[in-house]
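> Chains as they are written, first to last, in our numbering: chain P, 58 to 226; chain X, 58 to 226.
None of these hints come from the bench; they were simulated from the model.
These numbers come from a predicted model, not from an experiment.
Among the clues, some could well be false.
Which copy? The list can't say, so a pair holds if one copy fits it or any two copies do.
Unchecked claim - As a list, the in silico PhoX-like pairs of lysine-lysine whose alpha-carbon atoms are at most 20 Å apart:
| no. | residue 1 | residue 2 |
| --- | --- | --- |
| 1 | Lys-166 | Lys-66 |
| 2 | Lys-177 | Lys-147 |
| 3 | Lys-166 | Lys-177 |
| 4 | Lys-154 | Lys-85 |
| 5 | Lys-206 | Lys-177 |
| 6 | Lys-132 | Lys-199 |
| 7 | Lys-91 | Lys-209 |
| 8 | Lys-140 | Lys-177 |
There are 2 protein chains.
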Amino acid sequence: MHTESVGEKLSSNMEDYLEVIAILEKDKGVARVKDISRLMKVKTPSVTSALNVLADKGLVEHERYGYAELTRNGKRIAYDVLKRHKMLTKFLSSILKIDPHVAAGDACKMEHTLSPETCKNLSTFVEFVETSSEVDRPLWLKGFDHYLKTGKRIQCKNKQALEKVKSGK
Amino acid sequence: MHTESVGEKLSSNMEDYLEVIAILEKDKGVARVKDISRLMKVKTPSVTSALNVLADKGLVEHERYGYAELTRNGKRIAYDVLKRHKMLTKFLSSILKIDPHVAAGDACKMEHTLSPETCKNLSTFVEFVETSSEVDRPLWLKGFDHYLKTGKRIQCKNKQALEKVKSGK
DNA sequence: TCTCTTTGTTAGATAACACTAACATATTCA
DNA sequence: TGAATATGTTAGTGTTATCTAACAAAGAGA
Chain P
58 MHTESVGEKL
68 SSNMEDYLEV
78 IAILEKDKGV
88 ARVKDISRLM
98 KVKTPSVTSA
108 LNVLADKGLV
118 EHERYGYAEL
128 TRNGKRIAYD
138 VLKRHKMLTK
148 FLSSILKIDP
158 HVAAGDACKM
168 EHTLSPETCK
178 NLSTFVEFVE
188 TSSEVDRPLW
198 LKGFDHYLKT
208 GKRIQCKNKQ
218 ALEKVKSGK
Chain X
58 MHTESVGEKL
68 SSNMEDYLEV
78 IAILEKDKGV
88 ARVKDISRLM
98 KVKTPSVTSA
108 LNVLADKGLV
118 EHERYGYAEL
128 TRNGKRIAYD
138 VLKRHKMLTK
148 FLSSILKIDP
158 HVAAGDACKM
168 EHTLSPETCK
178 NLSTFVEFVE
188 TSSEVDRPLW
198 LKGFDHYLKT
208 GKRIQCKNKQ
218 ALEKVKSGK
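Please construct the entire structure, taking both the sequences and the accompanying hints into account.
Here's what the structure looks like:
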């Protein structure tokens, strides 16, 4: 029996454990203490201890010396976190051009702390860029890439045409 | 005498204390325990305890029953954090259109955890938007605002002109 | 099957950070 | 000046999350 209570907000750490377990379940079929400890970069006793907490909250099932398994609630939370993680990684690496490894690290921290509002709007922003009708990336984003690299704006070779677009005439 | 050592990375919490002290020094001239406790939303004993830690690291000076004052090193760190805070707040509120209060909260968390790379590129992004030659906000950003509100893209009224701009002809 | 290796758990220590209750100093103003 | 009030500190506790050392169970090969 666990002592779960509804409003109880999960710590960043516990969310991370859930996320890692979800990844392992997906990649390897099962989540073992040793693998969790490797991905979380902690020693195995820390994992055992975390699993006890999570089991107590009804988010994982865990028999002594056995695998960890996400419950329905555990999955719900883990998938939410993973979704945010992916969105953030995409924003950082594909729009801000952050090295993927660094981007993943930053995403790992942001995924737990950002407000739902920010997540939502950032997600919309990524979508806005990705579903652009232009083939590669939107023109302005190419302009930003250039600005990132050189600190200078791309000179517009057709100001008149640009003005036309801007004024919508 | 303090026990500062160079590589020692400051915790998010201690960075927050420095930031709050910097804000109070700027706003009120001096930083008092009570004001710090109010801004940090903790009780006064937590402040006393934090000040001891920070004094030990050579980041604040604090006489019993007196004010807290940032040292040169303390200021350096506090101003860095504040700079990131302002940049992040601007990004969230002015580009992502997050409610200022929520934006400030999110900035408070991100300011401690984002990698230097991400801070730098995000900062460049904000600058890229702000120094746009267009009067209000860049055209594409207006497009994003509309997309945020409606979920739909602004229809381009002059596709040919847009194509001309895109191809640079 | 029996031993060796791997994996997992328990117990106990430590660190960071918050809290309450009790005490000490400062400040205010009658 | 001397209470009353406001502010700051100390002492002791609790929580979360980590670790090491020692022990327990599972699995694999000869």
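> Hint numbers the structure violates, sorted upward?
4, 6 and 7
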